[in-house]
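Chains as they are written, first to last, in my numbering: chain H, 1 to 657; chain Z, 1 to 1047.
The hints are simulated quantities; they were obtained by calculation from the structure and are not laboratory data.
Don't take every hint at face value.
As the list claims (entries may be wrong) - Below, computed lysine-lysine pairings styled on DSBU-like, alpha-carbon distance capped at 30 Å: (1) Lys-648(H) / Lys-810(Z); (2) Lys-781(Z) / Lys-648(H); (3) Lys-23(H) / Lys-284(Z); (4) Lys-791(Z) / Lys-648(H); (5) Lys-648(H) / Lys-627(H); (6) Lys-931(Z) / Lys-284(Z); (7) Lys-851(Z) / Lys-401(H); (8) Lys-537(Z) / Lys-517(Z); (9) Lys-696(Z) / Lys-791(Z); (10) Lys-401(H) / Lys-102(Z); (11) Lys-68(Z) / Lys-447(H); (12) Lys-537(Z) / Lys-39(H); (13) Lys-447(H) / Lys-544(H); (14) Lys-410(Z) / Lys-270(Z); (15) Lys-627(H) / Lys-851(Z).
Unchecked claim - Negatives, chain H to chain Z, calculated, CB over 12 Å: (16) Lys-42; (17) Arg-56; (18) Asn-84; (19) Val-125; (20) Gln-194; (21) Asp-198; (22) Ile-235; (23) Ile-473; (24) Asn-534; (25) Val-535; (26) Val-593; (27) Ile-624; (28) Glu-625.
We put the CB at the ideal spot given by N, CA and C, even for glycine.
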Amino acid sequence: MKLIIKSFIAATLLLGSGSGCKKILDEEPRSIYTPDFFKTQKGILGGITSQYAHLRFIYGQPYYYNTLETGTDEYTWASSADQNFKDMDLSGVGNITAASSRSDALWGTAFSNINTASGIIENAVAVPAVTAAQVAEARFFRAFDYFLLVQTFGGVPLDLGAGELKFNTSASRTSIRNTVPEVYTKAIFPDLIQAVTDLPATPRATGTATKTVARLYLAKAYLTYAWWLQNPNNIPTYPASPRTDPAGKDAQYYFQQAYDIATQAIDNPGSFGLENTFYDLHVGGNDRNKEMLLYADHTQENAFYNGAPIISGSDAESGNGRNGAVWMVTWNYTVIRSAPNANGTGAGVSSVQREAAQSLGRPYTRMAPPIGPFLTTFADKTLDSRYDGTFAAVHRGNWPKGGAGNAVLYNANDLPVVPGDPIISFLEDESQTANIVYPSGANFPGKTSNNVGAGVLPGRADFVVNPRGISRIVYPNLWKMGVYRTDNGNGLGQPNATSTRPFKIAKFSELYFIAAEAAVKGATGVRSAVDLMNVIRARAGKWKFSNKNNAAFVADNSAAMIAATPAIIDINYILAERSREYFGEGHRWFDLVRTQKWNELAGTYQIGNGTYGSHTPQTVTRTIEPKHYIRPIPQGQLDGMQATPEEKAAYQNPGYQ
Amino acid sequence: MKQTANLKTLGKMSRVSKKPALLYILLLLQSLLFSQIIFAQNITVKGQVTKEGGLPVQSASVLVKETKAGTTTDENGNFQISMAPNGTLLISALDLVAQEIKVAGRTTINTLLVATSNSLSEVIVVGYGTQRKEAITGSVASIGGDKLRDVPSPNITQALQGRLAGVDISQTSTRPGATMQIRIRGTRSLSADNNPLIVLDGIPFIGSLADINPNDIKSVDVLKDASATAIYGSRGANGVILVTTDKGGRNRKPRISYNSYHGVQNIFAKYPVMDGPQFVAYRKAASSTPRAQQYLNGQDEADSINTDWQDLLYRTGFVTDHNISLSGGTETGNYNFGGGYHLNQGIIPTQLYKRYSFRASIDQQVGKYIRVGFTTNNNYNQSEGNQVGIYGALSNTPISSPYNADGTAKRYIRMAADNSFIFTKDVVETLKDNGQWLNDSRGYATYNAVYGEVQAPFLKGLKYRVNLWLDYIQSNCGAYTGSGVGDALNPNTISSASVDNRQTYHWTVENILSYDKTFGGKHTVNAVALYSTEQNKYNRSNMSATDIPSDALQYYNLGQAVGQLTIDPNNQDYQLWGLMSGMGRVMYSYDSRYMISGTLRSDASSRLAPGNKWHTYPAVSVGWNISKESFMEAIPVINNLKLRAGYGQTSNQAVAVYSTLGRLDTRPYNFGPTNYGVGFYVNQLPNANLGWEYSKTLNVGLDFALLKNRLSGTVEYYDTKTEDILLGLSLPPTSGVSSITSNVGTTQNKGFELSLNGTIINNLNGWTWEMGVNFYTNKNKLTSLASGQTKDEGNWWFVGHNINAIYDYKKIGLWNTGKDSTDGYLNVLEPGGNVGMIKVEYTGGFDANGKPLRAIGTADRQIIDVDPDWQGGFNTRVAYKGFDLGVVGMYRKGGVLFSTIHGSNGYLNLLSGRRNNINVDYWTPDNTDAKYPRPGGILSGDNPKYGSTLSYFDGSFMKIRTITLGYDFNHSLMKNSGVKLRMYVTAQNPFVFFSPFHSESGLDPETNSFGNENASVNLSQNLRRILTVGYNTPSTRNYIVGVNLTF
């Protein structure tokens, strides 16, 4: 009994007190990192990896992608669009507000990454093992993010709570915005100049930052800043600031700087250069090619490092850095039916099934290209390979991959088609439009084929849509960004997983465009604007493969392309050329805003209504006001700030209160 | 400091204990050898204790008042005790009025105890002690184990639902083995756990109520206000549920009890999706809408087919439960051993929940001053088949057939726009039998307590007790999906498997010093001092792999996978936390008339920042037994009247471990296809100021009993204000970090509670009719958020509204007609809209002509409070001879029921013609006063515009939970045998009344999911708190036959 008492006391002492008051109340995490780890060499290198990983939360995020394309001359909303897309169109079907703006993907990602970059730069001072070249990667990304922010929102804060460009570790709930020239001259230019000096000519690892990509962004920042100083259409800036450079230079100086840095990069390409053909640049499997300076990488090999499931039967379009952008611009081609019976009757068979292929993929029907790009931008579809390398204009039968056993199906004009044959084609021009017969709805009376309101041409087994006959529900897919996988076998693959291809951000080719644009704006040097554009156009004339015919097609139309270049080119020509080169890649809104051509080039557009059988173009007018040239500060920022309503109103960009 | 104090106390104890050690041994020997001799001059008194109807009262306590010697009655109510001939017997039993009987030399004393509806003499467990109900000053609601077992269920959460005022129990899942969410007097914390503390046999219990076999339970007491919970400190911030298990009785012959029930489970209601003809009409209506996206029949669809996919999936469930226990006692100790088996095979094929439990408790008096005991609770549980969902069965169109023309089964069907893998009962069972689709979870938990208690020989009433609790919980989950299973697109999708293992190690030591004394006959004092320490360690490991070469391997060796192996750092976890506490409580009562209780507690938590780890808080409560005043003798109709008031603080370490330290988040990345890295960035800042969240509660209550105790009840009012709420505060993105855990915000819960129990007919010609009803309200609101912020749209938090408020448009009808649309400016408010679409309230301005100034937009979203206006439960029991009929029910008035299946989250009310749809009353040109919009009308995403507003229903309902008819065989056949036998039949979930949701859909109006579950597009993780009706396993109606046997 005494023993029992003693044991209890002993147990009490051991467990209650012996292990110590302090120990029980102390914390030591063993499955997570605390911010202290960020001061070690491995922590800093992890911080640098995070600089790359953060790109995925901006590039490939489908709603942010929409802000860069919907509302431009490249895209409008499509039949299944929700308000995220209609708001961006500025065509009376929605309204961009602080709460609904999807530029929040950028705002919400960039500052955290800027802070991490500042932390790397500061912490690396005490860790000699971290090299200047590695720190320069952080500098590059800090400037990269600030450049995106200043183009999108106007002036943004340089002080996150610990001083300008300092690593913040305080719970700062206030914010003061700097002006546009401060962001350029204090943050973007110095970081990029340092990065150009310190970064290696060839990447440290696949896809990492180099001198060349730093030069590209420096040149582009100079170019954009020069336009801002010049302000040809008197677009307001915010926070209010005179259009003068703190260093006292003028716009012309910066146009020249842009030209000089871009041509320096062209002359010192390192391991980079142009791909031989536009097709090579965009064909799946060749994504990390020598033309690519920067991309948000993904991989089909490993779901964890890909940041998204790779074999999921049903995956979300966004979240956790997924690349779901291309789903938005993919129309629902799976509705197409071909008939099992020779007279065009019988239960319609889905002849083009959802497949993880570059011209197909998962349909969301959220964004549609208007008619303009097909008739104007890509007017030349024979010499220039870029139309064929941008759009999937022909959908071919793939029904056996989905398990349908029919050897032959009956398609347009009840003509037989076999797997691999065109089922529906988007025609290249209007020459045959008069002969096309369209059904009044989805189908011709008594027929089960078609189902999407496409037309027939005498003698053709494929259904057709003329360029002016595209609608918000039936339109060509964006081939260049389509999914590419190597695990389809003989089946449809994993079309519902987000794209495992890298999202392309910056290409070597853009150096030519930057220099050419600067030259149009008066910069001078060895190469003229026409010379520079001709490099791009010459490459565009080279064919290797025809997507339209799904067959090899070798041709070199370089000379004809060069011959077709006007003797004198202007900004509109540069912008058209940019659209041909970068259609649907998320450049367009920035290009139109930089050059202040948004309203002029995208103020109206034409497209058919969003129902099957609509082939009459409707002309839509957009109301693009000067205030729209910068986006609203996202509501989350304002909600999170400790400030009076007046201070919050003053923080917001004008016109969005 | 606390530590030193404790050591001193202990030191003193051990010094003191040295001297009387010899004495103890002598006493022990004496009691063992000489007890017969010493008390030889006593007489032996025998007797039987009975209650109304002549039924024997077993386990009644029979005490000799003078010597405290005692025994209990056997199963026939008989007792035998040795005592002085001039002594007094105290006879008491649960729910019966105690009697004091002067023996006066008699050797046979038969006693009839009468029932006390108000059970004043009932002993209530109040935490670190018990109290007679009449002396209680805090807010405590109690229910006996036998009443709980009126609702046969695998765990007592189901049985507790609707039984206690202020205890809101909501269903969060309908899967076998699921437990329910318990909220005592509302939700206080914003992001922290709002679950109450469970105390099992006096010691805080870290397991769940599912770990406790309902058959072992003697009583459940719920501490609701701060003055009652203060003794448990931070652990009891959300209320305390004290579970007391049956421990055998002193001097009781060994007894075996066997309880068992078996039942079948049928679907309460199928989800109300369309049948073939309804669907054909609906798709036609959708396609005839101008500008609608056309959904023409898919490859496998034909208007003539009518398939009921739910019939093809569901099976009849069954439940079986066996429980056996052996208990008994000697003069100085008692024991109870028990084992149980529960199996519930769900109505979804392969879903099952199985539990084996084993429990033992021994309590032994050693000598005069020492008592030691040991309790162990163990269970092994298993659940399977939780991966089987029903979305396919609900969304597959009824006009598609699972069979090919030749009668063979299809692997998948092709509908208008979607392919769907076919999961019928046969398919699911075959996949399981072939080991191709598995989701198994196995848990083992052992909870063990050892205690010792020493009475001070030098001071009567002073006791020292030490409790040591050692627990281990583990769960092992494995999942395997064979190649192509579930993939309607790709039959060759590679297989995948995952394993998830979790362990929890926990210990608690409590040192309790207590003192009980009655001075001068009228002053009663009870004082308790406690010092306790606990620590909890949790570890989770998770891994997954793809491309397992052989189905036979299942998830047992992921190393054999030829695909990728993943150990996601976000799925691994380690948490170690500790809590140290000191507590003192004094309860004083004068003449059972005036009572006061004061508590002071200090807690220190490892989770909080250094410097803020300790928090001390007081609680005090007073009581006045008005009925004991002399002036009340004039009002004989009132048998009891007691006024209680209490005020106290409780606090909550409501924050995840390591929150004060900040954290780096990780971002995996690939540099090229196969070169991988993991990025780090600062996501959460450290907060060195993080302190306790605490609540202040005022509680006023009145207990009463009238009409010879035939009507009794309690009325209570409380007001709880929670301050310094711990919350992950979102920082503006420009700070460069996303959040910091901080003390921000306040909430308030105030409410009114009423419970009434009455005996309407008391043994009139053999008839007895009892009735109990409870009613309560809780007004919950957020009273402030971080620094002046009045709304947090992302989290749906708004000052002045329920924590669970919804933020959405307000549907006020449909745009019914063309005229309505013209007059109401449809074209202005809804550019691109159509007649027949949902009309939501516009909150903007109008021009001089009454034309709205703008289109409907996010500014028109409104805050919708969801909490019910009032709710409660009722039970009634009619007994005649051996028969008894009992009904238990619950009700709820007002509030919002969130049905994700009707709204846009579920993807079951798309109203576009694409997939099968909930069979709703939709608008057509010929049906313009419909509730639901026109199929094929304007969309937002894939759903009708404002489709989310279709989720909200009036949350009112009344539900009969169980009807039980029982027969006690001791009343007739086995009247005088030592065997007790009762049999019963029960119908569970038989009826629902007054529910607009049920009237429309036929479904059970009880929630079945958390907000982030069982929808196609779930609410976000931070809206998980909102309970919904989603497409979980359908609710069931059960028919059960049970037997209780004791011998």
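Status of the hints after comparison with the structure:
no., hint, result
1, Lys-648(H) / Lys-810(Z), "28 Å, holds"
2, Lys-781(Z) / Lys-648(H), "27 Å, holds"
3, Lys-23(H) / Lys-284(Z), "71 Å, violated"
4, Lys-791(Z) / Lys-648(H), "15 Å, holds"
5, Lys-648(H) / Lys-627(H), "18 Å, holds"
6, Lys-931(Z) / Lys-284(Z), "19 Å, holds"
7, Lys-851(Z) / Lys-401(H), "56 Å, violated"
8, Lys-537(Z) / Lys-517(Z), "40 Å, violated"
9, Lys-696(Z) / Lys-791(Z), "24 Å, holds"
10, Lys-401(H) / Lys-102(Z), "95 Å, violated"
11, Lys-68(Z) / Lys-447(H), "97 Å, violated"
12, Lys-537(Z) / Lys-39(H), "28 Å, holds"
13, Lys-447(H) / Lys-544(H), "39 Å, violated"
14, Lys-410(Z) / Lys-270(Z), "24 Å, holds"
15, Lys-627(H) / Lys-851(Z), "26 Å, holds"
16, Lys-42, "9 Å, violated"
17, Arg-56, "8 Å, violated"
18, Asn-84, "9 Å, violated"
19, Val-125, "17 Å, holds"
20, Gln-194, "20 Å, holds"
21, Asp-198, "19 Å, holds"
22, Ile-235, "24 Å, holds"
23, Ile-473, "7 Å, violated"
24, Asn-534, "33 Å, holds"
25, Val-535, "28 Å, holds"
26, Val-593, "22 Å, holds"
27, Ile-624, "17 Å, holds"
28, Glu-625, "15 Å, holds"
Of the numbered hints given earlier, the model fails hints 3, 7, 8, 10, 11, 13, 16, 17, 18, 23; all others are met.
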